[in-house]
Amino acid sequence: MPIPRKGDSRGAADFTVATDDAARLADEVVPLIERAVGVQWYEHVGNDADLAALALCRLRRFKGGVRGGPAHGDAAVRDALSTIEPAALVWIASRAISYMDENGFPETLAPYAD
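For the working numbering, add 39 to where a residue sits in the sequence shown, where the first one is 1.
Just to be clear, a hint being listed does not mean it is correct.
[Stated by the list, open to error] Simulated DEER-style distance windows between Cβ atoms:
hint: 1; residue 1: Glu82; residue 2: Ala152; range: 26 to 34 Å
hint: 2; residue 1: Asp66; residue 2: Asp89; range: 17 to 25 Å
hint: 3; residue 1: Val84; residue 2: Asp153; range: 30 to 38 Å
hint: 4; residue 1: Val129; residue 2: Pro109; range: 19 to 27 Å
hint: 5; residue 1: Val84; residue 2: Glu146; range: 19 to 27 Å
Hints are computed from structural coordinates only; laboratory data are not their basis. All figures in this text were calculated on a predicted structure; none of them were measured in a lab. Cβ coordinates follow ideal geometry from the N, Cα and C atoms, glycine included.
Given only the sequences and the hints, what does the whole structure look like? Please build it.
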């Protein structure tokens with residue numbers, strides 16, 4: 040979903056759908072994350088840990104789109120994460136780090152590291 044920029048017009052129907060999607064995702068994301076605790080993500084794609092991470096990404100995109108900037112999407116993710124049990128937070132954070140590591144993030148930043 041492209042994030043609207045300042046001055047971009049938003050169609051009423053599209054804006055309403057995005058708002059509804061963001062609200063639905065905000066309600067669904069916490070149970071998805073808590074259900075993912077203990078699920079190994081190396082066995083198959085589309086497992087509960089993957090779906091929880093996907094829901095967080097979608098929440099970020101939708102909220103960023105509705106509110107007009109990625110910082111709003113980041114805030115929505117932080118809000119969702121602030122309500123989950125510590126074990127679930129640790130689990131989903133480790134999933135995010137695994138994904139970043141396996142998709143070249145360390146190599147991308149290697150030129151900037153000491």
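So, going through the hints one by one against the coordinates:
no., hint, result
1, Glu82 with Ala152: 26 to 34 Å, "holds (32 Å)"
2, Asp66 with Asp89: 17 to 25 Å, "holds (20 Å)"
3, Val84 with Asp153: 30 to 38 Å, "holds (35 Å)"
4, Val129 with Pro109: 19 to 27 Å, "holds (25 Å)"
5, Val84 with Glu146: 19 to 27 Å, "holds (22 Å)"
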